[in-house]
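Undergrad: Based on these hints, arrange chain H with the ligands on the given structure of chain E.
Protein sequences, first through last, are from chains E and H.
Each residue of the first sequence is one higher than the last, beginning at 1 in this note's numbering.
Each residue of the second sequence is one higher than the last, beginning at 1001 in this note's numbering.
Because the hints were derived from the structure by calculation, they are not lab data.
Treat the hints with caution; some may be incorrect.
[To be verified] DEER-style ranges, computed between Cβ atoms:
| hint | chain 1 | residue 1 | chain 2 | residue 2 | range |
| --- | --- | --- | --- | --- | --- |
| 1 | E | Ser57 | H | Phe1119 | 29 to 37 Å |
| 2 | H | Phe1189 | E | Ser136 | 26 to 34 Å |
| 3 | E | Ser136 | H | Pro1171 | 17 to 25 Å |
| 4 | H | Ile1143 | E | Thr106 | 49 to 57 Å |
| 5 | E | Val175 | H | Thr1158 | 51 to 59 Å |
| 6 | H | Ile1095 | E | Thr106 | 32 to 40 Å |
| 7 | H | Ile1207 | E | Thr106 | 52 to 60 Å |
[Said to hold, decoys possible] Calculated Cβ distances over 12 Å to all of chain H for the following chain E residues:
| hint | residue |
| --- | --- |
| 8 | Arg170 |
| 9 | Leu288 |
| 10 | Trp346 |
Since the structure is predicted, the reported quantities are computational estimates derived from the model, not experimental observations.
Positions of the beta carbon are idealized from the N, C-alpha and C atoms, including for glycine.
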Amino acid sequence: MATVDLKEVKKVYPSGVEAVKGVSIAIPDKELCVLVGPSGCGKSTLLRMIAGLETISAGTVAIDGKVVNAIGPTERDIAMVFQNYALYPHMKVYDNMAYGLRNRGTPKDEIDSRVRSTAKVLELSALLDRRPRELSGGQRQRVAMGRAIVRNPKVFLFDEPLSNLDAKLRGQMRVEIKNLQRALGVTSVYVTHDQLEAMTLADILVVMNAGLVEQTGAPLDIYEKPASIFVASFIGAPPMNLLALTGSSSGPILADGTAIGFAPPETPAVTLGFRPEDADVTFNAEALPGALVLPATVEAVEPVGAESFLHCAAAGSRIIVRVSGRATAKPGDQLRVVAKAEKLHWFDQAGKRVD
Amino acid sequence: MIGQSPLRTFIAHAVLILGILIVAFPIYYTFVASTHTLQTILRPPLPLLPGGQLWNNYGEALFGGIGRIGGVSVGTLLLNTTIMALGVAAGKIFISILSAYAIVFFRFPLRMTFFWLIFITLMLPVEVRILPTYKVMVDLGMIDTYAGLIIPLIASATATLLFRQFFMTIPGELVEAARVDGAGPWRFFFDILLPLSRTNIAALFVILFIYGWTQYLWPLLVTNSNDMNTIVIALRKMVSFADADTEWHLVMVTAMLAIVPPILVVVLMQRWFVRGLVESEK
Ligand SMILES: Nc1ncnc2c1ncn2[C@@H]1O[C@H](COP(=O)(O)OP(=O)(O)OP(=O)(O)O)[C@@H](O)[C@H]1O
Ligand SMILES: [Mg+2]
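Next comes chain E alone, as it looks inside the complex (with noise of 0.2 Å):
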């Protein structure tokens, strides 16, 4: 149906705000692209240049292989889901839904099959009557994607659409959404910060900062190869352990004199990093070759469940090793941190992955 193509976009605020520095990103027919960062990093002023509401200061926007950048939203034939839904107050679902169409000049019998099977789809039908402050959030949140949906845009742009529910719901929803845009194949851009909703949803990545792309590609890959300490920090709950390098005549050591115990990479890091889950804990004194090992103390335990977070001061920093189940750990305990070679990531001095 269509493809979205960003190239070198910019925005700059008539307040001399930059809030997008040249941003491209190529969004193929059919897949959901989320755009992921923290709060003011230039996601929802990107989102609105793709919808025409803000004007493009630099660069182009294309849908579909034709540039936009100098048309309005309704010609661009995009949807939105908007953070408060935006539902008109004022008037019924059955007419929110309509309203578009009808501004569109749809005969009124294909308006009315087409809002009800839309209706039908996300479990609508018996609140066709319903004004919006007669709905609880859930319910608004759906009628704000029916109101997308029935229109069969090109593309679909979310902007934060779920922030507004409680935990539980936030998770149907995104396996609802994730669903209904895989069965409907709209091309669509998603804006979050949450870095789990982005991880779940995205066929593509981008995970943005101070208005410029960290890192765009298949969520596992970014995971699993962060291209810098900005992605390897932001992506994943908890966070990457970050620990700093310092060099001496035997090669790079632990800032704390720690040494590393094998053959760094060839290119120099400063910064060396493993994941929570790559790491272990054991109480042992063996010896471990090819392995990270840190004597570490335990400062606090964390069980979720399913796993424990141990807290430990290591090598002169925090950092957080998860294990699986209850934790045998305590807090006080002496133990060595043990994380495998290939497990870790290594950053030089502009916080880029060295390999």
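TA: Frame of chain E; chain H with the ligands shown alone:
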């Protein structure tokens, strides 16, 4: 409730009833006077109970015509005043909702300048600019016309500001949703803004209707002929310095009739306020 003990309730009610009596008594007395003959009114004391002249007096005033204002009937006066009050209220709402719409939702050069220009007119009430306005009306030949009564009063900075305040509370997302849904400026205005403003319009309508109904200075200047008078002006003209010259029974009837339409408007529109208050739009 604050007072729970019977004594407190009693005192509270007593105070309320006293208040109502103080406010209502003059109106009641006017009504009583409007049901007696002129002779009864002129010979004190005025009875406390209504007399038997109700139909005679009201019939004479409404359909017969009143001598002191050139034989014009109160019916004509009511019609004039209604046209003027409706025109002023509708005109003010129309003008101010459009200007607020422009100022809040459109970006055009000198937008803030226009806003301040409108704002500044708040400091120039009708009385201040009455001479130039009168001259313009004379030059345009609008003396003794409904247009002359209405048009100079319909520019309203207050209503514009109220609508502006309300429009600014409409979330940006809603405006954008409408744009994405293909609603142009007119569609947005009629399909979304106007329905959302219903309660505001109703409230303003009541206030402005009463404002128009009670206008004194401007109708006094711009209407010369008796059959273009508003009821307030006519009421003034009916009263002569000499008691004997004044048809007090008809004055009382006119006064009673003058307060009926504003009360009707308030009562009929009350439904809207209550609705606006209880179901706040989300
Ligand atoms: N209308 C505006 N005028 C000026 N600056 C703006 C405007 N809108 C956003 N900005 C600025 O642009 C930057 C990016 O904002 P944006 O809303 O795109 O962030 P975001 O990534 O969506 O953040 P969040 O996750 O908090 O929604 C911010 O620094 C913000 O202050
Ligand atoms: Mg945002």
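Undergrad: Let me make sure I understand: some of the numbered hints might not hold for this structure. Which ones are they, in numerical order?
TA: 7
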